[in-house]
Each structure stands twice: as structure tokens, then as C-alpha cells.
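Chemist: Here's the letter readout for the chains.
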Amino acid sequence: MIKRVNYLSKVYGIKNGWTLDVYEREVQGYQAAKKALRMTQQQVVDEAKKMNIRGRGGAGFPMGIKWSFMKPHPTKPAYLVINADEGEPGTHKDRTIMELNPHSVIEGCIIGCFGIGAHVAYVYVRDELHLSKERLWSAIKEAKAKGYLGKTPFGIDYPVEVYVHTGAGAYICGEETSLLNSLEGKRGEPRLKPPFPAQAGAFGCPTTVNNLETIAMVPAAFMMGGDTYSQLSALHHLRDGGSRLFGVNGHVKKPQVIELCVGVTLRELIYDIGGGIEGDRELLGVIPGGSSTPILRADEKVNAPDEKSPLHPWHGKSVLDVPLGVDTMRGIGTMLGTCCATVLAEGTCPVLAMENLMQFYRHESCGQCTPCREGGAWLFRTVTKILDGKATMAELDNLHDIANNIMGNTICAFGEGTAMPALGFLQKFRKDFEAYVLGERTREDATLLVNL
Amino acid sequence: MPQPPAGFALSADRERALREILTRYPTKMGACIPLLHLCQEQEGWISPEIVEYVSHTLDLPLSHVQGVVTFYTLFNQKPVGKHQVWVCRTLPCALRGAGTVLQHCEKRLGIHAGETTEDGKVTLRTAECLASCGTAPMIQVDKEYFENLTLEKVDEILDRLTR
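Line order of the protein sequences matches chains A and B. Per the UniProt record's numbering, the first sequence starts with residue 1, numbered consecutively. Per the UniProt record's numbering, the second sequence starts with residue 1, numbered consecutively.
Pulled out of the complex, with its shape left as it was, chain B reads as follows (with noise of 0.2 Å):
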């Protein structure tokens, strides 16, 4: 029996988590994409240790869970910011200002889409559509939605985060 691999555990709360979740699938590799985000909202990414404690956790081949978090867009293969900011820049939101609002977020930032502020509070990145378009332009901040925006509005919501 191989023995679980050093580096890498989840809190006792995630733990539980992670045990009723495993309940809803009847195959273990049915939670491999929630059991990465539980690890990765612990961490904020998810290191190789984390691939190698999913592995093994769900009998997994590495190669599996590997190409599982490089499939997903949201899984961080590297560290990111304290808060993520994703721009929706497709056409609705576009031809709604999308564009003036990345540049915007861009300038005040400091930093390029894609890129994690100095001080490592923001990582500005780009989305391809959050089903916002009615509500066009949009920016997602961590887990919330900020809709119909205005330079103004993305000034209060940089200003709170930079803080």
C-alpha cells in the first residue's frame, strides 16, 4: 500500500467535505474535479503535491488528475493574487466597453492581463464569456459579479481591493 504523500493535507473541515462528496458519485474519479477545487481554495493553486494528494486520494493515475487541471481554465498551475479579477471580453460585453474597461483596469493596476500586481493582492485576467451579456460590460472579482459597469464603478471596486 503506498503510503499518502508529505505536503499536502486538508483542513479537517474540507476533510468532511470531501468525504460527502465522494457519497454522490458512484466512481471515485467522479470527484476529481470537486476535490480540486476544494484543495485549490485552500491554497490558491494547485502545486504538484496537490496532484499527487488527489492521485492518490481517488487511486488515480498522476497523468489523469494532471491533465485534468491543465484541461480547466480555473485550475492555477501557478500561485496567483489575494483577488482575481476577470475581465469578460467577448462581443457582448465588448460592443458594451469591455475593451475601455480592460485598458482601464490595465492603467490603474499597473499590469498586463494576465499578471499579478507587485505587491501580489491582484491578478488581472481576461474571461471568455460569464453569461453576463444583458448586463454588459462585466467584471468578476473572486466569486462576485459586478454588472453594468461604468469607469467609475471599476475605479471603487480597484480602490477596495487595492487597499
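Bound conformation, chain A alone (with noise of 0.2 Å):
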């Protein structure tokens, strides 16, 4: 069920599309906020609620009880920090929010801090975006011109600044807690929770961490009306509603980011959207949402026989046909993640893309853990050495032990986005680990390419 709108895309092809000008007159730009300050702030949470958005960043936890869990606080202020630390494999949405739809995440910003009772907004933006960092500033700047940020948003009482704030490359500061010790100036290690930002989050003070893409999408939300929006997605009796940026990139022939309601598959997203697979070859696996989800095969089946099951429906048939949603892809195993697909085709090495994201998950823990700091070296030493040929069929099956000891042993999920995709891949090409250990191939033979 694919269906196409365009509530945060609408300026992306548009000339000048990022400034304050195009998105005033294409998309009615600032009328929500203005909407949201002349209401109470119960009234903004009460219709967050109603949008249904589950968090964009990964987690997909609703957007409208995460707000409605700050309280005031007697003396400290509070803080909306918006993570935009994109930088797990596979995704690559966010950018194309920042670089062309700038206004909606500062418009965003200000119905946000109301509904919160912030005054301050943080978007934390990779350092390495620099193009989105200048859009990012030059909306704030024209926004603030125009009296929309300030002291008197729209000439109402409640003032509302907003500043960029970036790390310096750390993909674990994508993480909320690591996120809020790199805005007070820190190291990026994860905190322990509780106390939950909610609580104490950025300077000890009550906090909302919400994903770009969430908070850019409640202006078009809240326009449209809270349970309207909602009841674009086909999932929306799962509280999964809306319409998100949809990526897919790796193997297909039209690499794109697309806004979808929600409800697509993955098969749609594979062959629809992104034009098939590259040499017309056929699907080895795909990664639903960032390298941290674990691998689909192409031949696997839903198993759901229980009625109850929210997957029933699609029981017997192939994971490619189960509609994209936070708790469809959980019930399968995997995760929805940012809703960016990783494509494999057929003939690529599954043990090559486990070493290659292996590297990646021992680069970037931050060492404060040690099932994670060590574990995760570790992993990416023994894929190595199968690769080359030199690990034994023990060491083969050491993988599952030193990932199961990974899971649940860390203070954030790094350590289960490092396990979840290890084990995917040992469990579902189990046949290709082994034929590294039996000698029956080699690192040579190895590719991560489609030869067209």
C-alpha cells in the first residue's frame, strides 16, 4: 500500500525551498505554531497524543506521552533537545530535513517547548553536516526577524530560542543520554537511567529528547489535526500513525529518500520505490532500519498462528509483505528503526557485511562498558579471522556466546545494536560462516559489489 504525500517533502524540489519565503507559501508555514501558543499547553500535548508518532529515531516510542511526562518543576527550567546525531548505517533521512525543510524543525522547535513548557530548544546536529548546520542557523535567523522566535513568539508571551549545537563526531552521542552529556560539554558516555531526562536530563534539568523528523513533522500534524493525521497510516489501531521518510539504499537500482504514509512494505520499498534490484539479480537480505536491525532473508515466512497476534494476518507469508511499523517488524524479529532499508543482493557475502558493520560498532563504543568495549572488538577479530580462513568451527560458534553476553549487560542499547545484528546474520547465514571454516571459500572469493 504505497501512498505518496508530501508534508515535509513538499519544498524539497522547490528552488530556495529552505527559506522562510517558499515555506510560508507552500506549506502554510508558522500557522501551526501560531495555533499552538494561543492554546494551553494540555490542549498541545492532548493533540501530540492524537498524532500517533511514534519516535523516528528508532526506538518508536510515542511522541505525545513522551511529552506529557514532564512535569514543572518548581525552580529548574526545562529543555527540548532534538537529536539529529544521524549517523547509523543505512540512515540517512534526517539530512534531507535539515538540508531542504529547514523551518519545519524550528517551527516544530516552538510548538514543542510550549507543549513541554520549555523555553529553550537544542538541535544537536552531527558535526560533520555542515551544509545542515548552515540551514539550520539561517532559519533560526530569518524565523527571528520575523518575531517568530524570541521573546514574543508572534507577539505572545511565551519566549522561545532555539540553538544548534554539535558534537564532534561520536556515533554514540545519537544516543539520548550520551546526547545530553555532549550538550553539557562532556565526554558522550551514556548515563544510567533512571533518572530519565524527563527528570534530569540536559544541566540536571527536566528535558525532552524527541528525533528531528518527529518534531519536523508535528507542524503538518497539527495543521491537519492530530487524529486526521494518525489515520493516514494503515497501522493506526496500532497507535502507529502518520506518514515518514522512507529510505532505501545498498543493492536497488533508484537509491532514494521518499515520504510515505505508514503502512508500506518492505517488498514495495525494495522494488517499487527503489526500482529493483541493481543487475536485475535477486534479494539476498535486507536491513529494515539501520545497520542496528536485525537482518531479514529474502525466504523467510511470518510465523503468527495465534489469532491475538497483531501479525496474524500475515501469517505464512513473507516478511517482505508485513507493512512497515514499529511493532510488526518487532514481531518479526527485527526492528523498524529509522525506516531506511540496507539492500543485499544475491552473491554478496553475508560475512563481509557482518566484519564491515562489526568495525563499525567496535569504532564507535565508547568504552565504558566492557561486554561492549571488549565484546564488540572481539567480534569484529574472530569475523576477521574467519574471513581469512584461520578461526575453527568452535571459534565460529564463540560468536553467539560473546554476543548473548553483549545483550542486556551494557547501560544503553549500543551493546544490543552491536549484538542484535550480529546475531542476525550468524543465525540466518549460518552455512556461509561455515564455508570460510571448512575452506570451501576464502576472503578472495568474498564481495560486497554487484558486478552489472
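In short, the hints are calculated from the structure, not lab data. Mixed in with the good hints, there may be bad ones.
What the hints assert, rightly or not - In silico lysine-lysine, DSSO-like type, Cα no more than 30 Å apart, as pairs:
#1 A:Lys-71 <-> B:Lys-28
#2 B:Lys-153 <-> A:Lys-253
#3 A:Lys-390 <-> B:Lys-143
#4 B:Lys-143 <-> A:Lys-144
#5 B:Lys-107 <-> B:Lys-28
#6 A:Lys-71 <-> A:Lys-186
#7 A:Lys-186 <-> B:Lys-28
#8 A:Lys-428 <-> A:Lys-390
#9 B:Lys-143 <-> A:Lys-253
Unchecked claim - Far from chain A, some chain B residues (derived; all Cβ distances over 12 Å):
#10 Leu-95
#11 Glu-115
#12 Ser-132
#13 Leu-161
We put the beta carbon where it would ideally sit given N, CA and C, even for glycine.
The task is to assemble the complex, starting from two chains supplied on their own in separate frames and drawing on the hints.
Modeler: Written as C-alpha cells, this is what we have:
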């Protein structure tokens, strides 16, 4: 069920689409913020709940409920922090928003700040994204000049300031608590939870951390009415509402980012949106939403015989025909993540793909927890050894133990982010790993490329 | 009152930028990463003098600043070339030929990833995902992204840098 929409992406192709003029002309820019500031805080949060926006950063927590956790503190200010530290391999959607529609972020921040009782929003952008930073700062400047930001936005006595803050190259800063540490000027090491950011977040004050796409979606959803927006989705009944940016990359003919209603399937994403597999090959597997989401094999079937299971309607069907949603992807043993799928064609080597990803996770572990720091490096070393034909079957089996011992034994979810994809590859491509151990294949045979 | 350390000073423009940055955060520590960026922009890397300067300016222990510098990949702990070329090597780029691009750069520049050319013009590095998966393969040169690369395009870019 592909339903193309363009709430976030309408200004994408337009000349100077990132400027205030175009934003106001094309999508009624800043009307939602103006409307929200005339409502009560509670009304704004209630409206946000109706949108059923599941966090677009990967974990999929309902945005409105997150907002409702914010309780005013007698002495401390509150903060809104926007996570734009997009750095997961396979994820490439947030950059398009910042570069092509930065005003939707700023307007979302105004509504978000008002809803949670904050006066300052920090947009945490990864430092590599120089154009994104530039476009966001210029949007802030334009909005300030018009009086939409500042002491009295739209003439209403509710000061809002938005600042861009950057890290300096650390994937872990996409984890919300390490992002907060980085914002405070520290090493980006994750914090123990509780306390959750809603109690003690940025600078020790109550804080909401939202993904960039999540907040950028708010103005359009607000104008449409939360409930109407939610019903765009085919998974509205699972409280997974609205539209999102979907990405497709890897071995497809037309890699791209596109805005669609929630409910599209992986098959549609790969063959209709992505134009099919490069070189008209068969599909080997697909990583549904960023490298930490376990890979799905092309020949996998849904197993949900229980009629009460939300996945029962797809029982016995291919996993490629399940609509992409937070709960549906969980149901088939993977995750929706950020909705950006990485496609691997038949003929590419899953062992080499796993080695590539394990190198990433080894490099990006913050080093705080031993299971993640040592385990990640150990996984990488062992896969390398397998590819080089120097590993034994016992070492191959050892990979499962290492990954399982990382799971659940670390402060943040980075550990799972390393272990889950590793286990996915191991379980679904066992024969490929064995072939290297048995000497039936060598590193020279392994490729990640499709030779056209 | 300890004396400000000798050996490093921000330019007047950047000094003004720092004053503005300090107004954005409720604590001085909040300006730590932005200030390090300002310093690196000026000098190309974070020297021990800069660590001392940041520590003094923001009232932070030296160990704190040093810890921040060593944590983040983008802070250079030694001098680098005039231009920095980052080749994204992670899976989505690798599936579309990042390995070939990297090999080509190494051959053309006569250095391995992580090294700087003898004339000090280019430092070649690998990057862990630059959020450009849909337009892979890609490289980042200083502040600019070059996407959907072919080896011809890589040659053009390197020609310009090494000329």
C-alpha cells in the first residue's frame, strides 16, 4: 500500500525551498506554531498524543506520551533537545530535512517547547553535516527576524530560543543520554537510567529528547488535526500513525529518500520505490531500518499462528509483505528503526557485510562498559579470522556466546545494537560462515559488489 | 588568579563568536565542544596549548578538556594536511563501491588511510557513515560532500586538491 504524501517533502524540489518565503507560501509555514501558542499547554500535548507519532529515531516511543512526562519543576527550567546525530549506517533521512526543510524543524521546536513547558531548544546536529548546520542557523535567523522566535513569538508572551549544538564525530551521541552529556560539554558517555531525562536531563533539568524527523513532522500534523494525521497510516489501529520518510539504499537501482504513509511493505520499498535489485539479481536479504536492526532473509516467512497476534493476518506470508511498523517489525524478530532499508543482492557475502558492520561498532563503542567495549572488538576480530580462513568451528560458535553476553549487560542500547545484527547474520547465514571455516571459500571470493 | 596561558589566543572574530556561544548555555562547560571547534578551525588541530587555553577560559580541569578531545573523532590530536579527505567505508557505501574508491584514493595519493601526503596537502581518512547512504559512494572533502561518485569524479576532486 504505497501512498505518497509530501508534508515534509513538499518544498524539497523547489528553488530555495529552505527559505522562510517558500516555507510560508507552500505549506502555510508557522501557522501551526501560531495556533499552538494560543492554546493551553495541555491541549497541545493532547493533540500531540492523537497524532500517534512513534519516535522516528529508532526506538519508536510515542511522542505525545513522552511530552506528557514533563512536569513543571519549581525552580529549574525545562529543555527540548532535538536529536539530529544521524550516524547509523543505512540511515540517511534526517539530513534531507535539515538541508531542504529546516523551517519545519524550527516550527516544530516552537510547538514542542510550548507543549513541554520549555523556553530553549537545542538541535544537536552531528558536526560532519556542515550544510545542515548552515541551513538550520539561517532558518533560525529568518524566524527571529520575523518575530517567530525570541521574546514574544507571534506577539505572545512565551519566549522561545532555538540553538544548534554539534558534537565532534561520535555515533554514540545519538543515544539520548550520551547526547545530553555531549551537550553539557562532556565526553559522550551514556548515563544510567533512571533518572530519565524528563526528571533530570540537560544540565540536570527536566528535558525531552525528540528525534529531528519526529519534531519536524509536528507542524503539518498539527494543521491537519492529530487524529486525521494518524489515520493516514495503515497501522493507525496499532497506534503507529501518520507518514514518515522512508529510505532505501544498497543494491537497488534507485536509492532514495521518500515520504510515504506508514504501512508500506519492504517489497514495495525495494521493488517499487527502489526500482528493484541492481543487475536484476535476486534479493539476498534486507536490513530494515539502520544497521542495528537484524537482517531479514528474502525467503523468510511470518510465523504467527495465534489469532490474537497482531501479525496473524500475515501468517505464512513472506516477511517482505508485512507493513513496516514499530510493532510489526518487532513481531518478526527485527526492528523498524529509522525506516531506511539497506538491500543486499544475491551474490554478496553476508560474512563480509557482518565484518564491515562489526568494524563500525568496534570503532564507535564509547568504551564505558566492558561487555560492549571488549565484546564488540572480539566479534570483529573473530569474523575477520573466519574470513581469513584461520578460525575453527568452536570460534564460530563462540560468536553467539560473545554477542549474547553483550545483550542486556550494558548501560545503553549500543550493546544490543552490536549484538542483535551480529546474531541476525549468524543465525540466518550460518552456512556462509561455515564455508569459510571449512576452507570452501576464501576472502578473495567474498564481495559486497554487484558486478553489472 | 592564575594567569591566562601564553602560546595560544583566539582571533578577534572568534573571540566575539565565543562570547555569543557562552550566552547559549546555562553553564560554561556547555561551550567546551563549540570552543574546541573554534580553536581547531584556527589551528587545524588541538595542541596542548589549546587544551590549556580552553581549560583556563571555561574553568575546567585540564583532564576534562583532554578527555573530551580524545573522545571525539573529529578533534585532531596532531597536525593534519591542508585538506582532509574522508572516504565513507560503512556498509551502504561499501555495497556501492566505497572499497574501490578508497583504494583509488590511496593509489593516487600514494598514502594509506590515516596518513598525510608528503607535501602536507592532503590527509586521507576513512569515515564511519556520513548519513549519505542513498547517494553512495561518497567522500567528504573538508566541509563539502561529494556523492554518487565514479572514479572519474574522484580523480577530478583529487586533481583540484593536489594541484
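Chemist: Decide, hint by hint, whether the structure agrees.
Modeler: These are the hints, each one checked on the structure:
Taking the CA atoms of Lys-71 of chain A and Lys-28 of chain B, the gap is about 26 Å. The hint holds against a cut of 30 Å. The suggested pairing of Lys-153 of chain B with Lys-253 of chain A holds, with an alpha-carbon distance near 20 Å, which does not exceed 30 Å. For the given pair, Lys-390 of chain A sits about 41 Å from Lys-143 of chain B by alpha-carbon distance, which is inconsistent with the 30 Å threshold. Pair hint Lys-143 of chain B plus Lys-144 of chain A holds up; C-alpha atoms about 26 Å apart against a cutoff of 30 Å.
Of the pairs offered as hints, the one joining Lys-107 of chain B and Lys-28 of chain B is violated, with about 46 Å between alpha carbons and a cut-off of 30 Å exceeded. About 26 Å separates the Cα atoms of Lys-71 of chain A and Lys-186 of chain A, which keeps this hinted pair within 30 Å; it holds. Proposed proximity of Lys-186 of chain A and Lys-28 of chain B is supported: the alpha carbons are some 11 Å apart, at most 30 Å. A C-alpha spacing of about 22 Å is found between Lys-428 of chain A and Lys-390 of chain A, which places the hinted pair at or below 30 Å, so the restraint holds.
Pair hint Lys-143 of chain B plus Lys-253 of chain A holds up; C-alpha atoms about 28 Å apart against a cutoff of 30 Å. With 12 Å as the threshold on Cβ separation, the claim that Leu-95 of chain B sits away from chain A is violated: the shortest Cβ distance comes to roughly 5 Å. Non-interface status of Glu-115 of chain B relative to chain A is upheld: no Cβ of that chain comes within 12 Å, the nearest being about 18 Å off. Not every C-beta of chain A lies more than 12 Å from that of Ser-132 of chain B, the closest at about 6 Å, which undercuts listing it as non-interface.
Every beta carbon of chain A lies more than 12 Å from that of Leu-161 of chain B, the smallest distance being close to 17 Å; the non-interface claim holds.
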